[in-house]
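Engineer: Model the placement of chain B on the given structure of chain A, informed by the hints.
So the protein sequences, as listed, match chains A and B.
Just so we're aligned: the first sequence equals residues 0 to 288 in numbering that gives the first Met the number 0.
Just so we're aligned: the second sequence equals residues 0 to 490 in numbering that gives the first Met the number 0.
Don't read these hints as lab results, they were simulated from the structure.
Idealized CB from N, CA, C, for every residue including glycine.
Possibly wrong hints are sitting among the right ones.
Computed beta-carbon distance windows for the label pairs [unchecked claim]:
no.	chain 1	residue 1	chain 2	residue 2	range
1	B	Lys44	A	Leu213	47 to 55 Å
2	B	Asn248	A	Ser136	33 to 41 Å
3	A	Glu219	B	Asn248	19 to 27 Å
Just a sample of chain A residues kept apart from chain B, beta carbon distances all over 10 Å, derived [what the hints assert, rightly or not]:
no.	residue
4	Pro7
5	Thr11
6	Pro21
7	Arg47
8	Ala69
9	Arg102
10	Val128
11	Pro203
12	Arg214
13	Ser263
14	Glu278
Here's a subset of chain B near chain A, in silico, CB distances under 7 Å, partners left out [claimed, not checked]:
no.	residue
15	Arg30
16	Lys79
17	Thr442
18	Gly448
19	Val449
20	Trp451
21	Thr454
22	Asp459
23	Thr461
24	Val472
25	Gly477
26	Leu478
27	His479
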Amino acid sequence: MASANRIPVDKTYKIYIDGKFPRTESGRYLSLLDKKEKLIANVCRSSRKDFRNAVLAARKAQAGWAKASAYLRGQILYRIAEMLEGRAEQFVAELTMQGNTRRRAEKEVATAIDRLIYYAGWADKYQQVFSSVNPVSSSHFNFSVLEPTGVVSIIAPDDSGLIGLVSNVAPAIVGGNTVVVLASEAMPLCAISFAEVLHASDVPAGVVNVLTGLRSELTEQFASHMDVNAVAYTDSDQTTACRVQTLAAENIKHVVAREAIDWSSDSSANPYLIRDTQEVKTTWHPIGS
Amino acid sequence: MATPQNKLAFDGGWDYDPAPESTDHIKLQKRYELFIGGEFVAPGKGRYFDSINPANEKKLARVADADEADVDRAVQAARKAYKGVWSRLPAKERGKYIFRIARIMQERAREFAAIESLDGGKPIRESRDVDVPLAAAHFFYYAGWADKLEYAFPGRRARPLGVAGQVIPWNFPLLMAAWKIAPALACGNTVVLKPAETTPLTALKLAEVIADAGLPPGVVNIVTGAGKTGAALVTHPDIDKVAFTGSTNVGRIIQRALAGTGKRYTLELGGKAANVIFEDAAIDQAVEGIVNGIFFNQGHVCCAGSRLLVQESVADEVIEKLKSRMETLIVGDPMDKNTDIGAINSAMQLEKIESYLKIGADEGGEMHQSSARLPSKGYWCAPTIFTNVAQSNRVVQEEIFGPVLAIQTFRTFDEALTKANNTPYGLSGGVWTDKGAKIFKMTQGLRAGVIWANTFNKFDPTSPFGGYKESGVGREGGLHGLDAYVRLGAE
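Just chain A, same shape as in the assembly (with noise of 0.2 Å):
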């Protein structure tokens, strides 16, 4: 590619909606800088209407995401997992050119890679783990089962590029939620290519719905829509606490509060994140006596 008189094709960094990389209905953007001031990109900067644009795709989307097999799930995150590492130079060089050193930047890539096949093999075993069939004293045959939540919207690290947003989207996808996420802030770009190794791995148009934009202007419609069941935010100080949980009360939203997790460590995966956007469904049936 960069021969010395061919000049480079840079690439237009979109969000992504319903399956579709449109711009910010608000044509506004955001400039992305490296350290020497020089500009990397533009990158959108995403308004409320393209959140309820989001959220509108993630609530159609949702019921048939639920309805697929834990197996099909679980191979469309594997699939996931396959494309990113075809794309793995790619990712590499966004997070250098955003400041990361390339040992580190190899680093979080491949941890995101087995990150999203951790969470693909738990796509058809947390139901096991976490149900439950339940001996009531009457002649009942009484069972509890996890459901996803519904639609969840996650403000993901802003201290990643790609781990903490992965780290985050996979559990919520896994468990049949579907989502509308907020990039990183400093480092946004490795955000929408994730959602073109997303587009290229069958998984359905709504399921995962990418923006990126101000945490400070967004964070306040991520918490309060009234048509998202569940919100994740990640950043630790107290003033995003404080909000989001006192907007979500709107509508009883769920509240992860995921604050300060290293999420390049292995020991932050665990199946207690997918039951964080589950809910648990107890049915009654009489058996006779």
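Structural biologist: For chain B alone, coordinates are given in the frame of chain A:
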């Protein structure tokens, strides 16, 4: 088909003789203090309120009104007990204390049942057969978990949270106390519990049981009072966890109040459950299910089947049979063993229910009430159904918390499911059909936490309970009920 052939003429001189539960065996004091640090202590300001019998409006006892300072004392006692004793006790010993509570409650079951019905207005048949035995069973169930928590959370280590502040409603006073206290103690927490102001007596009797069981002072504290007392407890800076059962509006206020505090919370809030009757259901059984769904405990049930969705082809038959069955329901003295529907819990609740009857009629609904004779003293509401209501009507969308059923019809499965899910709530639901596949399709489609298929309003300590959407956060009961009272960490 429309009229049952062999309807009994219940209005034809076949009156039941009174069969009242006696009260000479119960011990009720004239005045109840706060239970703090293992002792019954007077409230700092010396204020008391009356707890009355809603069936005759007579005063049962004076009960302490706890203010902020009293709540603070209770929280301090709970903290001290947590640090000094309870968190250091071997888990199996913790469990043995909880087993003791269950056993003493069983010994005193009859007394508890009588007081529950006197204080809250629910039929003695229900407090005797449902509330009290289930409450004891709840303690027995969670007692056994105390030393087995490592099996409940694979790959994690469960640690207690600390002090739990718990606020409970008036519809199942003792049972809700058990739902709250038993798992909290089993997981190693200590507790400050606030019962509802209209029904504090059985919680205070439970305090006696806890004292008799020899629990270390301060492990369970009970502070009585109204909303202000509850607010003082929920916002107290030294509690680690809030557990609330009550209305969605108050739940919202609590969730907001806890924002940024880092306190854990579980909320069991309102509901507007649909009971869906398909044409292939066993109709007579379904009618019993409808009656149990909405008239159990005067409809003061968050998971009540307060909406009936009945397939059009059998709607006339079901409604006719339901009306006929409603005529046989005996409304009256809660202490009478033949009573089906007792007193409305309070004047305030009766006023709310009556305002909804007016709203329902004003919105164009057709109201039908049973012809039951209501006693002149006390708070009463005859079993009521509304037909001809639309999905947007307030009696279809909002929780009434009384013996009031809104009836809609449907033609197709999809219509039933869409209507059933079309409220902000998601606590429970019911489905009646003889087809297994249809049951599973409906129970999977309903967005609610507890689903009854060909049955309704069944409860068990081993069975998790709690809602989707605006019906709350978290589960109580069963294995899943432990989550609310532990912090999970690496092994």
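Engineer: Confirm or reject each hint.
Structural biologist: A quick look at each hint next to the structure:
1. B:Lys44 <-> A:Leu213: 47 to 55 Å: Once the Cβ atoms are compared, 51 Å apart, the range 47 to 55 Å for Leu213 of chain A and Lys44 of chain B holds.
2. B:Asn248 <-> A:Ser136: 33 to 41 Å: holds (34 Å)
3. A:Glu219 <-> B:Asn248: 19 to 27 Å: Given about 22 Å between the Cβ atoms, the range holds.
4. Pro7: holds (46 Å)
5. Thr11: holds (39 Å)
6. Pro21: About 30 Å separates Pro21 of chain A from the closest Cβ of chain B, which puts it past 10 Å; holds.
7. Arg47: Holds, because the least Cβ-Cβ distance between Arg47 of chain A and chain B comes to about 21 Å, which exceeds 10 Å.
8. Ala69: holds (14 Å)
9. Arg102: Label holds. Min Cβ-Cβ 27 Å, cutoff 10 Å.
10. Val128: violated (6 Å)
11. Pro203: holds (19 Å)
12. Arg214: Non-interface label on Arg214 of chain A holds, nearest chain B Cβ at 17 Å vs cutoff 10 Å.
13. Ser263: For Ser263 of chain A, whose nearest Cβ neighbour in chain B is about 16 Å away, the distance exceeds 10 Å, so it holds.
14. Glu278: Violated, since 5 Å does not exceed 10 Å.
15. Arg30: Arg30 of chain B check fails; min Cβ-Cβ to chain A is 37 Å, beyond 7 Å.
16. Lys79: Result: violated, 29 Å to nearest chain A Cβ.
17. Thr442: At 5 Å from the nearest chain A Cβ, Thr442 of chain B passes the 7 Å test, so the hint holds.
18. Gly448: holds (6 Å)
19. Val449: Hint on Val449 of chain B: holds, closest Cβ of chain A at ~5 Å, below 7 Å.
20. Trp451: holds (5 Å)
21. Thr454: For Thr454 of chain B, the interface hint holds, since the closest Cβ of chain A sits about 6 Å away, which is under 7 Å.
22. Asp459: This interface hint holds because 4 Å falls under the 7 Å limit.
23. Thr461: Result: holds, 4 Å to nearest chain A Cβ.
24. Val472: holds (6 Å)
25. Gly477: Holds: closest Cβ of chain A sits about 5 Å from Gly477 of chain B, inside 7 Å.
26. Leu478: holds (5 Å)
27. His479: Holds, about 5 Å.
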